[in-house]
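Student: Respectively, the protein sequence lines represent chains R and B.
Everything in the first sequence is counted per our numbering, starting at 1 for the first residue and increasing by one.
Everything in the second sequence is counted per our numbering, starting at 1 for the first residue and increasing by one.
Hints were generated in silico from the structure; no laboratory data involved.
Here are some, though not all, of the chain B residues that point toward chain R, as calculated from beta-carbon distances under 7 angstroms:
#1 I48
#2 L50
#3 D74
#4 R77
#5 D78
#6 V82
#7 F84
#8 G86
#9 A88
#10 F90
#11 P102
#12 E105
Glycine residues also receive a C-beta, built at the ideal position from the N, C-alpha and C atoms.
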Amino acid sequence: MGVCFLSLLRRLGHMFIFLLKSCYLIFVPPFKFRMLLQRIRFFGNRSLLVILLTGAFTGMVLALQIYYTLRKVGSEAMLGPAVAVSIVRELGPVLCGLMITGRAGSALAAEIGIMRITEQIDALTSMALNPLRYLIVPSIVAAVITFPLLTSIFDLVGIWGGYFVGVKLLGLSAGTYFSKMQDFMTMEDIFIGMYKAVSFGVIVSWVSCYKGFYTDFGAEGVSKATTSAVVMSSVLILIWDYFLGSLFV
Amino acid sequence: MIEIVGLKKSFNGQHVLNGLNLRVCNKELMAIIGKSGGGKSVLLKHLIGLIKPDEGSVMIEGVDITAVGERELDEIRDKFGVVFQGSALFDSLTLYGNIAFPLREKTKMAKGEIRERAMSALEDVGLQGMENKFPAEISGGMKKRVALARALITEPSIVLFDEPTTGLDPIICSSIHRLIMTTHEKYGFTGVMITHEIPEIFDVADKVAMLYNGTIVESGTPDEIRNSSNPVIKQFITGSLEGPIESLS
Numbered sequence: 001m002g003v004c005f006l007s008l009l010r011r012l013g014h015m016f017i018f019l020l021k022s023c024y025l026i027f028v029p030p031f032k033f034r035m036l037l038q039r040i041r042f043f044g045n046r047s048l049l050v051i052l053l054t055g056a057f058t059g060m061v062l063a064l065q066i067y068y069t070l071r072k073v074g075s076e077a078m079l080g081p082a083v084a085v086s087i088v089r090e091l092g093p094v095l096c097g098l099m100i101t102g103r104a105g106s107a108l109a110a111e112i113g114i115m116r117i118t119e120q121i122d123a124l125t126s127m128a129l130n131p132l133r134y135l136i137v138p139s140i141v142a143a144v145i146t147f148p149l150l151t152s153i154f155d156l157v158g159i160w161g162g163y164f165v166g167v168k169l170l171g172l173s174a175g176t177y178f179s180k181m182q183d184f185m186t187m188e189d190i191f192i193g194m195y196k197a198v199s200f201g202v203i204v205s206w207v208s209c210y211k212g213f214y215t216d217f218g219a220e221g222v223s224k225a226t227t228s229a230v231v232m233s234s235v236l237i238l239i240w241d242y243f244l245g246s247l248f249v
Numbered sequence: 001m002i003e004i005v006g007l008k009k010s011f012n013g014q015h016v017l018n019g020l021n022l023r024v025c026n027k028e029l030m031a032i033i034g035k036s037g038g039g040k041s042v043l044l045k046h047l048i049g050l051i052k053p054d055e056g057s058v059m060i061e062g063v064d065i066t067a068v069g070e071r072e073l074d075e076i077r078d079k080f081g082v083v084f085q086g087s088a089l090f091d092s093l094t095l096y097g098n099i100a101f102p103l104r105e106k107t108k109m110a111k112g113e114i115r116e117r118a119m120s121a122l123e124d125v126g127l128q129g130m131e132n133k134f135p136a137e138i139s140g141g142m143k144k145r146v147a148l149a150r151a152l153i154t155e156p157s158i159v160l161f162d163e164p165t166t167g168l169d170p171i172i173c174s175s176i177h178r179l180i181m182t183t184h185e186k187y188g189f190t191g192v193m194i195t196h197e198i199p200e201i202f203d204v205a206d207k208v209a210m211l212y213n214g215t216i217v218e219s220g221t222p223d224e225i226r227n228s229s230n231p232v233i234k235q236f237i238t239g240s241l242e243g244p245i246e247s248l249s
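Please put together the full structure from these sequences, using the hints given.
Tutor: This is the structure we're talking about:
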C-alpha cells in the first residue's frame, strides 16, 4: 500500500515537473510561432465539426428536458436563461474539453508517442535542441488559445440549439427566450466558463503530451499511452470541474 | 577523442554494459560489432548523453559528459551528427526540410545559403530532385541517405552511425558504405559505427571493436580482428553456430 502510494506520488511529481519545465520554456526565447500555428490548426481543425455537432444537440436536449420541468411549475419563460447558464457555466467547457480530448488529445499523444519510438525525439535531443520547446510548449499554448475559442463556439451553437427546440418546436416566443437570458446571465457566468476552458486546455495538452513523450516502446506502448491520455484527461477534467465549480458557487 | 572508461549500465537488473572500456582516436572510423541485443545501441546512446550510465565515464574531447549539466551537454552535442537506426527523419517535414532543419535551428545562416547547402547535401547522397518528397514516400535506403546528409550538414567533428545499413539490399548497403567512406575522407570526422555487416565493414572502418557480454573483448585494425585468435571474434566473423556465443538453438 505504502509502496503503491509512493510510486503514485513519484509519477505525479514527474508529471508536474514536466509541466513546470514546459511552462518555463513558454517565456524563454526562441519562440516557435510556426509550430504554434500548426498546433492551433491541429486542435481547431480536428475538433471543430464535433464541437458544432455536440454543441447543437446538447442545447437541443437541454431545452427539451428543462422545458419539461419548467412547464410543471408554469415557468417556461425561464427556458432561455436556464439553457444559456447551464451551457456557458458548465456543459460548454466540460463537454467541449471531453470532445477535444477524444479528437485532438488522443491524436497528440499518439503523434508524440510515435515520434518517441521512431527516435525523432532522440534526434532532436542529439541536435542539442530541447524537444519540450519544439513539441510540448506549442501544444500547451495552442490548447490555451483554442479551448476557450472552441468553447465559445460550443456555447453559441448550444444556445441556438435550445432556441430551435424552445422557439421553433415548442412554441415559446423568441423575445422571451433571449430577453430573459439577458436578465439572468452575467459576465461572471461567461468568465467562469472561460476559466474552466483554459484550465481544461492545460490539462488535456499536458496529460496527452506527457503520456506520448514517455510512451513505452512498440505499437502497444503507443496504444496504451493514447488510451491512458484520454482516460486521465477526462477524469481530471471532471475532478477539476468540481473544484472550480465549488469555488464559484 | 572519445574515451569510455568502466561504463556500466543495467535495465531492470539485467547488465547490458559491464565495465566497458574503449578509445576512439581523432578522425578514426571505429566500427563496433557484436550480437543483436548485446548493448551496442545502448553504448552509442551513452556517447551522446541520451542515456546516463550507472557507473563509469564517457570523455568527449576531454569532457566527461556523464558529469556535466544539460547546458554543457548541449555544447558537446553540437559537435555530433547522428544517423539513427530507423533514420529518425521528421515525418512532418520534406526531405529538404529534414536536411535544412539543423541549419535553420542551430545557425544564423541566410535562407539562400541554407537552401544551397541542403540541396548540395541532397545531391551528395544522390537524391537530387527529391527534395519535396516526405519520408513516408521514400524507401529505407533513401531514408538512410537523407539521415546521413542531415547528420553531416553541420559538419560535425564526431558522427555516430547506428546500424546504417541494416535491412538494406547488398547493393544499397555497399553504396551507403561508400558514401560513409567518401564523406569521412571529405569531412575528416571521428566516426563510431554500430554494424553487423561482416566482412564488408573491414574495408570501411579504420578500427573494429567487438562487444560481447557488456565489454569490448578486443579492438584493433580490421586485419588484427580478422586474424584474431579470440574464439568469440572467430565465431562471430565466421557466423559459426559452434563456440562461446550462444546461438538460438
